[in-house]
Structure formats: structure tokens, C-alpha cells
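Here's the letter readout for the chains.
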Amino acid sequence: MRLELLKTLNEERAARRAAVLITDTQSGEQRLVKGADIAGDVLAEQLDAALRMGKSRSVEVDGRAYFLTVQVPPVRILCVGAVHISQALAPMAKLAGFDLTILDPRTAFATPERFPDVKVIAQWPQDALPDLRIDRYTGVCLLTHDPKIDDPALIAALRAECFYIGALGSRKTHAKRVERMMAEGFNEADLARIHAPIGLDIGSVSPAEIAVAVLGEIIAALRKKPLRAEPQA
Amino acid sequence: MLASDDDILSQAEVWKGSGKGVAIATVIDTWGSAPRPVGSHLVIDEDGNFLGSVSGGCVEGAVVAEAAEVIADGKPRTIEFGVADETAWRVGLSCGGRIRVFVERVD
Numbered sequence: 001m002r003l004e005l006l007k008t009l010n011e012e013r014a015a016r017r018a019a020v021l022i023t024d025t026q027s028g029e030q031r032l033v034k035g036a037d038i039a040g041d042v043l044a045e046q047l048d049a050a051l052r053m054g055k056s057r058s059v060e061v062d063g064r065a066y067f068l069t070v071q072v073p074p075v076r077i078l079c080v081g082a083v084h085i086s087q088a089l090a091p092m093a094k095l096a097g098f099d100l101t102i103l104d105p106r107t108a109f110a111t112p113e114r115f116p117d118v119k120v121i122a123q124w125p126q127d128a129l130p131d132l133r134i135d136r137y138t139g140v141c142l143l144t145h146d147p148k149i150d151d152p153a154l155i156a157a158l159r160a161e162c163f164y165i166g167a168l169g170s171r172k173t174h175a176k177r178v179e180r181m182m183a184e185g186f187n188e189a190d191l192a193r194i195h196a197p198i199g200l201d202i203g204s205v206s207p208a209e210i211a212v213a214v215l216g217e218i219i220a221a222l223r224k225k226p227l228r229a230e231p232q233a
Numbered sequence: 001m002l003a004s005d006d007d008i009l010s011q012a013e014v015w016k017g018s019g020k021g022v023a024i025a026t027v028i029d030t031w032g033s034a035p036r037p038v039g040s041h042l043v044i045d046e047d048g049n050f051l052g053s054v055s056g057g058c059v060e061g062a063v064v065a066e067a068a069e070v071i072a073d074g075k076p077r078t079i080e081f082g083v084a085d086e087t088a089w090r091v092g093l094s095c096g097g098r099i100r101v102f103v104e105r106v107d
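Residue numbers (my numbering), protein chains in the order written: chain A, 1 to 233; chain H, 1 to 107.
Since the hints were made in silico from the structure, they are not lab data. Any given hint might turn out to be false.
In silico lysine-lysine, DSS-like type, Cα no more than 30 Å apart, as pairs [unchecked claim]:
#	chain 1	residue 1	chain 2	residue 2
1	H	Lys20	A	Lys7
2	A	Lys34	A	Lys55
3	H	Lys20	H	Lys75
4	H	Lys75	A	Lys55
5	H	Lys75	A	Lys7
6	A	Lys55	A	Lys224
7	A	Lys55	A	Lys7
8	A	Lys148	A	Lys94
9	A	Lys55	A	Lys119
10	A	Lys34	A	Lys7
11	A	Lys34	H	Lys20
12	H	Lys75	A	Lys34
13	A	Lys224	A	Lys34
14	A	Lys119	A	Lys94
15	A	Lys55	A	Lys94
Being a predicted model, the structure only gives us computed values, none of them experimental.
Let's have the full structure, built from the sequences with the hints guiding it.
Here it is in C-alpha cells:
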């Protein structure tokens, strides 16, 4: 591997950007494709599939064997709202391998006692978000029912092109949310990315059952649908 | 302590930056109960220092030896370890799996 390729690979990883290193295992020839450039690559189909699975793999194209070293940033989940659903979602997300953070300015809710072994931030989203640096590989769940808390996080999540945005609340609540976001300058396509009501439709009743529906929806968004085009770095 | 992939490839860059010969070994195929997944890395410097893992210990010695040759001649190569393989009886995977490892020099 050329040192320059190794450097780029390490830089992209540090910046939480996706990249795939393509190695011709017979000749040793290599090239690096950044996440942003995958759509236009001759191996776009293979690269996209490998990226969505987040796994390195061997592929054969036109009789040539290639190895794809896939680098995908670890997925994070941000739960806005230290509520019952979050209490159930936190351990489930951890089991599934996601790094989860809870954000809620209401100090009575955001306590370590209610969330043992979970990263809990008792701040307003507008204060905490700059440091959290949410990105494409962050899923955001809005669970407070309170626009004062949910909306700033929603605006940030839409701008950061998070792969998953889910919002709790009835269709009526969501219609009002859509109006507020329109007033913020977002268009219909932006707002169509919000999963609302949150969670897969599996008839969940209890907070834990809703957490299962939310986690399932996050996994589907991550693995099934093609990721949106990555902004140019 | 287990090194993450972050540490491993960054270490390769650090070693190379300090003027050492460096090779990167990558698991490119596995069959059966291979202990480390496809994409796992082991990086080796010219003095035989290494970081990472391609098999959880069974064949690291052989890969490090192969890496020394790759660092010397610069030719990338693919080596296979498994129970059906003659070498495997010497450095074999006790778990009964098979793996293919691609070893390349950092230039």
C-alpha cells in the first residue's frame, strides 16, 4: 500500500467519513474511493453494498478478484429525552453495538440513577449539540413531546443529514412539527426523512416494545436503504 | 489489550513515518470457524514488532515471518492457512477454520 493511501484512509476514519480501499489481490494494485465518490465509481454497486453492510469483503468483477477494505464510522444514536422509552432503548442499542447518548435538559429526568452505564447529558440541545458533532452516521430519536427540546435537535439532525431521524408523537403533533420546520426553511423532501410516528408499525404498547420498534427502524434505515450521497469533504 | 482497527492502521503510518519497513496483513477470506473476521489487520515492522490480529494467535508467527519477506522484496502475496493445508499442520488453526491473508508492504 502506498503511504499516501494509508494516510488518506487514516484521515477519513478520524474524520468519521466512509471510504473503501480496493485491492487487486493478484497484482497488488490499489485505489481508494471516498464515500462521497462512490456513486460515480465503476464498482459503485459493489461498493455501495459493502458500505451498507459495513463489512470488508472479497468480490469478483469480470474475472478479477478484488478485496474491499471497508471503513465505516461507528454508528451513534442520540436520544433526545430521558424518558421511559430511552431507558429501554439504551441497553438494547448497546447490545446491538450502537453507541448511545441521552440528551435532556430536565435534570429530574437525566440522572445517572435512571440510566446506569449510559452517557447522559443534562443540557439543552442547542448548548450540547456543537460538541456532540452529529453526522450522517448518527441516528437521532426525538422523544420528549416538547418542541422546546425536540425542535433544536431536529433542525440540527436535518442539517447534518443524519441517516435516521425519528420523532415521537401523533400524526397531528407531527403535522404541527412539519409546519414549524417549513417555517425554518426546510422543504418537503427534507421533512420526508423524519420517521413519524417513530418506530416500525408492530403494534407496540409498552415503552420497551416501542424501543424495539425504534431500534428495528434504525437498523432498517442503516442496512436496507441506500445512504444519501455524502457531502463533499 | 485488544487494539482497535483505528490503532492498528494508524500504527502502520507511525512506523512508516519513522523510517521503518512496514507490512500490513489483512484477512481477506474465511471459511468455517475462523477466529477473526474478514478485514482484520495485523501490521508488522521490519524488527518483527506487530499490532493487531488475523487469527487470535494461531498463525500470527507465520504471518510475521512472511511479512519480513514482503518488506524485503516488496511483492504482495496471499497466504492461506487451514486444516487441509500442509503448513497448517505446523502452524495450523486449532479451531479447524481456514483463512486467507493478504500481506503487502507500505511504500
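Unmet hints by their number, sorted upward, for this structure: none
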